Structures are given as C-alpha cells and as structure tokens.
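Student: The primary structure of each chain is shown beneath.
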Amino acid sequence: MPGSITTDIVGGRGAPPATTGFGGGDGDSRGASRRASITGLLVLLAASVMLFAAFTSSFFVRRGLSNDWVDTPLPPILWINTGVLVTSSIALELARAALRGGRRVAFNRYWTGATTLGALFLGGQYLAWRQLNDAGIYLATNPSSSFFFVLTCAHAVHLLGGVSALGYIDVQALLLRLGPGKRTAVDISAYFWHFLDAIWIFLMALFFFWG
Amino acid sequence: MSSHIVHAGHQAPTGFIRRYIFSLDHKVIGIQYYFLALFSVFLGMGLSLLMRYHMVYPDAKVGWFETLWPTGAAGGIMTPELYLSLLTMHGTIMVFFVLTTAPQSGFGNYFLPIQIGAEDMAFPVLNMLSFWATFLALVVMVAAFFVPGGAPLSGWTAYPPLSAVGPLAGPGEGLGQTLWVFSIAIFSGASLMGAINFIATTIDLRCKGMSMMRLPLTCWSWFVTAILGLLGFAVLLAAGVLLLLDRMAGTSFFLPAGLVVNDQILSHKGGSPLLWQHLFWFFGHPEVYIAILPGMGVASQLLSTFARKPIFGYRAMVYAILGIGFLGFFVWGHHMFMSGMNPYSAMAFSVLTMSIGVPSAIKTFNWIGTLWGGRIRFDTAMLFALGFVSLFVTGGISGIFLGQPALDLYFHDTYFVVGHFHMIMGVAAIFGMFAGTFYWFPKMFGRMMNETLGKIHFYLTFIGVYAIFTPMHFLGIAGNPRRYADFTNFEFMGKLMPVHTFMTWAAILTATAQIIFVVNLVWSMMRGKKAPVNPWEATTLEWTIPSPPPFDNFAGKHPVVNHGPYEYSVPGAPKDYIMQSDPA
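Chains as they are written, first to last, in our numbering: chain A, 1 to 211; chain B, 212 to 795.
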C-alpha cells in the first residue's frame, strides 16, 4: 500500500488496499489506515497522559508528606521557551492550512519554522537546567527540584520524538516527496505536537502554582 | 466461505532473518512470543521447585546448588537471601514474561488479525519492536542472576525501602535490583507498543460485517486487556523511573528520613514507601486481569465450540469483560490493607473489590449456562477450558475473603494469599494457555496434537495443581507465614510441615508431567496428523483459511462477515454450525 502513513512510518501492510471493504467493520472502504494511525496516536496520547498523571499525583502526594519541600525558582527562560513552543504550534497550523490550500512553498516555510522552533525549545530547556544547576539546584536537592527535573525531562523525551517526526516530514517536503499519502503523517505529527504544547502549559501551571 | 472480494495477496519475505527473526508477520511474532513465554514458564517453574525443595529439606546439601550459586549456596545449602532472590525472580518471570506475554501477545498477536479478517496488525514494525524489546527485557532480567550479588530480594512487587537503598540492603540489591528495574521499564515500553497495536487493530481493521457485537469473545478480551495494559504499564513505567532515581541519583521519592540499614543512617529524607505501593498496585491489580481476561476469552470460545451451543448471554459476557476491566482500576488499595490506610478508604476499596464479584459471577454462570444441555465434546482443549472455569471459581472465591480488610489483616502474610493468587492468576491463566494451545495448534502448525498424551497431561496437571495449592489455604488459616525460607525453627510449624512435604512432592510430580506436554508439542509439530482447515467445526474466521495460514492470512481475499461468532445448533441449518463468513 504505497503512500499510506501505515506503510511509510510504521511499515504497515496491516491496513488493506482502499477498496477491499475493510475498516472498522462498517464496510467503509476508505481511510482504514488513516483511521488506524489516528487511533494509534490517540492511544499513545492516553498512555502519555497516564505517565504524566502518575508523576503529577506523586508530586502532590510527596509535596504533602513532609516539610522538606522547597519551591524551585522557575528560570525566566522557561517563559521564553513557552512562547517558542506555542508559536511553533501556531506555525504548524498555518502550515497545515497552507497544505490544504495547495500552497506548498508556504507549507515548507511554516513547517520548517515550526521544526526549528521545536529544536530551539529543547535547547532552551537545556539552558534552564543549566541555570538551575548554576544556582546550586540539582535533581536530588529537594523533592520539588526532583519533580521539576523528572517532569521536564519526561516532556523533553516526548518532544524529542515530536521534533524527529516534524523533521522527517520537513525533509520529505523539501525533497518534494510529500505526496497525498503522507497527509496523515502531517496531521498526526501536528496533533502530537499540540498535545505536547498542552502538557507543557499544564506543567508550567503546576510549577508556577505548586512549585 | 463466500462473499469474498478478491485482491492480489502480499508476497512473503524470502530471507531467513526477515522471515523468522525480525519478522513483521503477526503470526511469526505471535509464535515468537509464545516460545519466549514457554522458555520463561519452565525457568520460573524450575525456580519454584528449588524453593519448595529447600523449604522441606533445608539442611540437605545439594552439590549443584553450590556450583550455580557459590556464595548463595555455599556448602550446597541455600541461604535465606538466595531463597528470596529465587522468590523474586520466580514471581517476576511468571507474572511479566509468562502471564502477560503468552495469552495476550502470543495468541492475541497470532489470532486477533485473523479473527477480525485483517491481513496483519495495524503497525507491524511496532509489533516487531515490541517483541524484541520484550526479549531484551527478559535478557536483562535473567542477567540479574549473573552479576555480583546476584538477583534481587525484594519480591516481584519490589517494595521500597528494600528495593531502593542499594547494595547496603543485602546481596542482589545492588546491580541485580537495578537490572530488575531496567528490565521492567523496557517491558513496560514493549507492552505499551503492543497495546497501541491491539487497540488500533481492533477498532479500525475489522473486515466488512465484523461489528463489535460480532467479535469473538477472544477479541473482546484481548481488546480490553490491551486497554488495561496501556493505562497500567504507563504508571508502572513512571514508578520505575522514580525508583531508579532513588537508587542511582540520590532522590527521596520513596525513602523516608532517618532510615537505618545495616547500622548506617541513610541521607535520604521525606519520601514514602507507600507512594510506591500506590503506584505499583495501580498497575498491579489490573495486571491480574491482564493475565486472566485472555483466558476468559479462550474459555468462552471453547466452551461454546465444544458444547455445540451459542455462548450463553453474549452481550452480558461483553459487558462483564468491560465491567471487570473498568472496576479493576479502582481496587488497588485491597493489596495495601496491611500497609495502613484510613478505614473509610479500606471500606471503599473493599466494597469495590466485592463488586467485581458481580461481573465475574455473570461470566461463571454464563459458562455454566453454555454447557447446560450441550452435546459436549471432551477434547483436550475443552478439558483445559473446563479446568480454567474450575480454577477461576476456586481462586475467585478465596478473593472474596481477602477483599475484606478484617480478614485480610490476618491472611495477608500467610500462605492463604499464596494459594489464592496462584489459583486465580497463575494456574487458571496457564490452563487458559493450555486450552489455547490445544485449540489453535492445528491452525498454527498445520498438525494435530496427540489427544491421548494431551488427556494424560491434563488429568495429571489438574489434580496436581489442586494438590499443590489447595493445602496452602489451610496452612494460611493455620497461620503459616509466607516468604520464609525455612520453618524448622518455629515450633508451631512442626505439625504443618508434612503438608509442605506433600505440596513439594505434588509440585515435583506436576512439573514432571509437563514433560508430557513438551513431548506432545514437539512431536506433534513434526509428526502429528495433518490438520484439516476446521478440525473443531468452529465458526470464527481463522477456521476458514488453510492450516497453517498463508502469509497474508486470506490469500489476497478479504472476508465479509454475515453471522455472529457462536452460531451453533441453529434450528433448520444444514450443519450444527454456521461460519461467520457463510452467506446471510
């Protein structure tokens, strides 16, 4: 099944050709592989939500346990990083709109911009960790800093996957290999990126209000 | 088989490595999982035999113990530390690499796509990665035996502080415990990949006509199990990360202040071992259902097929699976009654635990209803399915006792619990695997298993497991503590030791009987009678294709489903079964 996301990203032959009557038992002959990819993404997001929920509930339990909690001062660069990440999400949406309108040059420009901003965010996170270290705050300094590093690292690992996906699509687009079959890849990468955006805003709120 | 739309099939890869090692074919991956679990179950069983032998003959000198464990069994006598490391590895290997692996990843991988009429799983590369990550996790786990200090001591639940303080806590708590945590983290990642595949495949790759309410109950159980795995293993992964940081980075998530280990005060402060228990059991209780739900699916499938009757209350069975899966996430606290909790919390967990009895009873009554008035064919596969029902009821009933805080306070650290969870989670699930093996072997390998050997194996195993695990309940009531390596120094245990001796010999005989199974499996693969397409006259889609199936399952055709999965003995029908793909 050339050109489908299942084939291109995950090597699928599970989804059948588009005229076989497959797809969710309803006889819908189109879009089974696109639907499977989107379902796969939603399931992945559910797992990620559980991971962050486990860390967050541990955060609150640990915070309420004893008197050794010292709020971690948020490095100011985190606010810049937040702006960078939100801007990258907006750029992705502009890119998708450009793709829908057939404006491939604009798509390339926006998508490359979003990917670059994503990489910049990761660099900014590294700077934030360095700034905390320079201030004498490390992973094991106190439970607040432990959770800060655990949560931001877990988010960064997710983001590394997201940047890789964005980078893959960017390369495909710049090499003029982004055929219609890869639209699903474009969409699910963007959804995943927005999800990471939302997780980051949640984490910032967590650090800001409960530190 | 009719109503097919024909399309060109996919070509199978020709290279050995691509075809059999790093294969993308769900059937090969399913068989890989199956044999990984088979290796693991014998390894785990071997460890349990060593423990049982030591328990009743603690002073016997066994030369090869010393060869295997020069420190842990110096002079051929097992130390309590070695006993605990065997206990830990037995539990871990059995729970993760057998009970989680074979019923879901083994049979599920092989038969889910075929039963729903798909060519493969939704994401085959992810599927391959999932298997090889599981394999890596097993290698890392087994490696714990061979590192300085040996395997960890902290049990399959790895409770801190013991699991978190490092080598100071004893042999095995150094690198061995670290490898344990790494292995479980890798396994969690592999399980998440598998869950994504199972869920997306079930939702989106069903063939035309295969509505959710026409899914075989095996598929329902694999689907719900995947959801449990998805939500549970993510939490276990998070807990594993925090435990690893406590061990290696000096954090204090689970380690309290003022902890003294081997006369040394640790620098950790403020953490809570209870936090680990909450995180662990939030995964750990659904894990029980991850192990048993696929067995329920297999039992349902087989009881209907071999009783030649539709499953009694199909919809009720589906809702019961969903109910068990849903409620399974709200009862983790019943593992922690002894750890201390607000009595109101304990009451809530207790009531919720009891409520799982409702969907469980629905399933049991429906199985009995399915059998009632049926023309039962007592093939070996059916015997194991019946054995599953028996063990599920036996193990489930003792769960009602343990779900009550007042009783659990007494039973918790006794053999009553050991008997309970071995019945329900261990041997019931393994009987589900045996049932699945005898039922699907003809499809997987194209040959029939030997029925005579199968029945001898069944009766020996069925009697054997009851002989091993039933007395444990009585021992527990009598106050026999669990996790002890040696009871000879306890006067009150004197009168109970003959029971232990009986259980040990029952275990040795039952384990020996498993040789019959292995012989049957290997001999049948090579010399068994050729299997027809549908040897059991069953209705689901795997029985419409050759044995073994072609690479793309339906040889380029795609089935259309017109019937439910259990249309047996339909009045007026020409045969006593109607295949799912027969014309409407």
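To be clear, the hints were calculated from the coordinates, so they are not data collected in a lab. A quick note: this is a predicted structure, and the numbers were derived from the prediction, not measured. We treat Cβ as the ideally placed atom computed from N, Cα and C, and that holds for glycine. Just to be clear, a hint being listed does not mean it is correct.
Residues on chain A that point at chain B, a partial pick, calculated with CB under 7 Å [what the hints assert, rightly or not]:
1. Ala32
2. Val43
3. Leu45
4. Phe60
5. Arg63
6. Ser66
7. Ala140
To be clear about the criterion: a stretch of chain A counts as covered by chain B if any three or more of its residues have a C-beta under 8 Å from a C-beta of chain B, and this derived list gives those stretches [stated by the list, open to error]:
8. 34-42
9. 143-152
Student: So, as I understand it, the hint says arginine 63 of chain A touches chain B; can you test that by seeing if any CB pair is closer than 7 Å?
Tutor: 10 Å, violated
Student: Given a cut of 7 Å on the nearest C-beta pair, is the interface hint for valine 43 of chain A held or broken against chain B?
Tutor: Valine 43 of chain A check passes; min Cβ-Cβ to chain B is 5 Å, inside 7 Å.
Student: Would you check whether serine 66 of chain A satisfies its interface hint, that is, whether its CB is within less than 7 Å of any CB in chain B?
Tutor: 4 Å, holds
Student: Against chain B, run the beta carbon of leucine 45 of chain A and see if the smallest gap drops under 7 Å.
Tutor: Violated: closest Cβ of chain B sits about 10 Å from leucine 45 of chain A, beyond 7 Å.
Student: Hint phenylalanine 60 of chain A vs chain B: min CB-CB distance below 7 Å?
Tutor: 10 Å, violated
Student: Can you tell me if the region 34-42 of chain A counts as covered by chain B, using C-beta to C-beta distances under 8 Å and a minimum of three residues?
Tutor: It holds: at least three residues are needed, and the region 34-42 of chain A offers 5 whose Cβ sits within less than 8 Å of chain B.
Student: Quick check: the region 143-152 of chain A, covered by chain B? Criterion 3+ residues, Cβ under 8 Å.
Tutor: holds (count 3)
Student: Mind checking the CB of alanine 140 of chain A against every CB in chain B and telling me if the closest is under 7 Å?
Tutor: Holds - the Cβ of alanine 140 of chain A comes within 7 Å of chain B, reaching about 4 Å at its closest.
Student: Does alanine 32 of chain A meet its interface restraint, that is, does its C-beta lie within less than 7 Å of any C-beta in chain B?
Tutor: 6 Å, holds
Hints 3, 4 and 5 from the earlier list are contradicted by this structure; the remaining hints agree with it.
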